[in-house]
Amino acid sequence: MSLMRQYKFEIGCLVALVLAFTMTQMGLNRFVFFAGFAVLQYAMIATAWNILGGYAGYINFGTAGFLGIGSYTAIALINYSDASIVEQIIAGGVVAGLLGLGIGYFTLRLKGVYFAIATLALAIVVETIVNNWDFVGGAAGVSILPARNPELLGVLVVHKKLGVFSNYKEFLFFLMAALTIMSVWIARTIEKGKLGRGLNAIKDNEEAAECMGVPTLKLKLITTTISGGLMGMAGAVFPSYLTFVDPPTAFNLEFAVNSLAMPMIGGTFTWLGPILGAVLLGTVQQVAIVTISSELNLLILGLLLVIFVIAAPHGFLGWFMKKNKR
Amino acid sequence: MSEVLLNIENVTKTFGGFTALSKVSAAVKKGERFGLIGPNGSGKTTLINCISGMLQNNGGSIIFDGKDLKGLQPHQRTKRGIARTFQIPRPFHSMTVIQNLQIPLEFVSSSGTSQKNISEEAMSILEVMSMEDKAHHETSGLTQIELRKLELARAIAVKPKLLVSDEAMAGLTGNEVDEVLEILVKLNEDGMTIIMIEHIMRAVMQFSHRIICLDAGQKIADGLPEVIVKDPAVERAYLGV
Amino acid sequence: MIAELFVNALISGLLLGGFYAAISIGLSISFGLLDTVNIAHPTFLVLGAFLAYILNSEAGMDPLLAGVLMTPLFFLLGLFIYSVYYQFFEKTSAEALRGLAFFFGILFITEVVMIMAFGVDHRMVSAPYANGSLGGSILGMELSVPYRMLSVFVVASIMTLGLHLFFSRTFFGRASRAVHQDMLALSLMGVDPIRVKRIAFAIALATCGVGGALMIIMIPIEPAVGRLYIGNVFAIVVLGGLGSISGTLIAAVLLGVAESVVSTFLGPSWSPAVSFGILLGVLALKPSGMFGVGDTR
Ligand SMILES: Nc1ncnc2c1ncn2[C@@H]1O[C@H](COP(=O)(O)OP(=O)(O)O)[C@@H](O)[C@H]1O
Ligand SMILES: [Mg+2]
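Protein chains in written order, with our numbering: chain A, 1 to 326; chain B, 1 to 241; chain C, 1 to 297.
Hints are computed from structural coordinates only; laboratory data are not their basis.
Even glycine gets a Cβ: it sits at the ideal position worked out from N, Cα and C.
Do not take every clue at face value.
[To be verified] Have a look at the derived ranges for each label pair, beta carbon to beta carbon: (1) A:K161 <-> C:V120: 51 to 57 Å; (2) C:F171 <-> B:H209: 52 to 58 Å; (3) A:A139 <-> C:G281: 50 to 56 Å; (4) A:K192 <-> C:F6: 35 to 41 Å.
[Unchecked claim] Where chain B lies over chain A, by a calculated footprint (3+ residues, C-beta under 8 Å): (5) 207-214; (6) 221-233.
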């Protein structure tokens, strides 16, 4: 019993994974998986963003750049080879992780506002390069044909009758669920550990942290690499999900706004915040896109961000905890 | 003669065209209580920044415990035994008082200490500071003296060989100054070498074994407290004559 | 041949630089002098451009006249935004980053509202001075300058120089500079620093009236185009030295020439990489950072 309490979180992760798998086996409407995928992807991106933004206090405006580079790494791999989706995800994670390592070195000279602007600049530079790179479709974009009857480790993954999943959307949904759970687990592990405590000290006062023995650069490099890598992994699944990608889609500023707004709305100081924000905002957006219009949905997103930074600086969780304290 | 712990040789620091420190030399012995005085803007904090590694000096060398510190990051210098406080307290404001101490304890102490040991150790440092009742308070509610003591406590948590205290007593009342002095003397008696930067003359004079005085980035005096007070150069620097 | 291309690129780069100065000057005031990171500034310029477009296409008004008429509106908008910003961020000394997130949200909202109101198509205006070009041959080189760029350059220069004079010669201008350096001295002089800041911010935003008009004379506009200018304006303001209006002018011309040359020789699709690349370079070489000056905000 105490063992169960000790591993409450891990058990929760497992349950969530099993639940996601069960959902794919119930023959639900495809839209469930389409929308579910989007919400999960948001949750993963927001979680990745928060590792750097929430724990270490470095605001990344370049989420779209990391996501886009993950997507385009996957596209380049698809064009070059018959790499499986898992290989695409790993490659996307590695390339975006390296880009993350790069912005980690930015932090040596750039703090606060300057760092944020530099990440935005980086995203646009990457987008411009992709725009001019014809091999991956350039400005015109590129269509992706999902592999027919893909196998992983000898198991037929997607097949109408014989596969583990009966269609591709179900498979991608499950994959995204697994990736999201992994990200949340990583975020929580960082938060509860020495790395998280060091990052918090950096966020509060970087110079004092350094003088108190915290190897600030090393911790920041680890963090930017992990955060960027996770965003790249989320991006690598994108081409298979959309089947058509062009730079404006892959590098959409909306990702930057969402990845920032979700943790801020949920609460940036704990792993639960980004999830909460993603589920709230993600669901609202998915519903709004269908029922109202996609522009109005973006307007809601912008308004919520502004309202929350003004009225609830510590997000939903912060507001909730303060209320309970009283 | 006891051996030298910190040897500052011809240290120079410029900001653009402005020379904040010019060829400053000083030797601090093991176990010494060393006073550093000088008017505002004379370069005291800059010297501390060069020692702690927040700034890299342009010229000269700083030898600590027999090793040149050149190129070492601040946290590496901290691990070698140099701790400092900041003139304007810089607490980790999202943490409680005891969590503030846990950062240096966790990052500097040899790895392998458990969280439990760390909080016990943090508590005992707070007891030295007679702040144990504030352990679980947010730093935002602390008074000026408490912030100063937290700044000191956090530096002590590093278990340094050399503690550099940058105006730890500015803005405190007479009694509070005595309280901080008492803590510093006790630490020194337990073997810690201490450099004290201070404007409150009574405190430096009473505390220091030896004092140097900076003016406009240059060392203008170096000697025993009773000699320093009478030094005409020091008097000129302070009175601005 | 190459020389001819190059000289042409140089001339249009210079003219482009004038335009860049006009769209950066507002940020130079709000970011450089007031420390307010209005990342939404370029998006407000686009808003100005759309309003000029509406007045031009619906009422046949001259776009520059429209720009001048909109100036008070943007001024009022500036007063309002700064009041909100001051109330919730500056006064409570919240982290600069929350203020940045605030402006990021404003950027996004403004952009979405424009998409809803005007759609995503590119728009342009017609004006007599926007057609044709001035051409001639000098030293055997065929040079040509579109009137469109020339007229934008002239108006932009007048506006920039005017603001430069205003901020360097008037009492209010000097007070706005002092806000940056010495709030205390100001209050001792009986000047309310908050009021100075609010008005200076409003002036910064007011430049989006004429600036927006210049923008739509210069290039076709769609709601999201503002983002692309974030790189330009921040590169210029940081490169020019925060708070220096004359520095902003010089940096704008440098960037204009660099972009124009790259655009001529590599193709226009590379030009965003120029400004953002320069911005990255400038930020990376800026003498500050953790172990330098405490310029960490
Ligand atoms: N990072 C810096 N950049 C530029 N000038 C600095 C910097 N740090 C200190 N100075 C200048 O160096 C001089 C010495 O400052 P400081 O060491 O803080 O003096 P003190 O601590 O003795 O009052 C001052 O004139 C100060 O303005
Ligand atoms: Mg000082």
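Hints, verified against the model:
1. Here the CB-CB span from K161 of chain A to V120 of chain C is close to 43 Å, at odds with the stated 51 to 57 Å.
2. A beta carbon spacing of about 56 Å between F171 of chain C and H209 of chain B agrees with the range 52 to 58 Å that was offered as a hint.
3. Between A139 of chain A and G281 of chain C the C-beta distance comes to about 25 Å, which lies outside the given range of 50 to 56 Å.
4. For K192 of chain A and F6 of chain C, the Cβ-Cβ distance of about 60 Å falls outside the hinted range of 35 to 41 Å, so the restraint is violated.
5. Under the rule that three or more residues need a Cβ within less than 8 Å of chain B, the assignment of the region 207-214 of chain A holds, with 8 such residues.
6. A stretch counts as covered by a chain when three or more of its residues have a beta carbon under 8 Å from one of that chain; for the region 221-233 of chain A and chain B the count is 0, and the coverage is violated.
In summary, the structure is inconsistent with hints 1, 3, 4 and 6 from the numbered list given earlier, while agreeing with the others.
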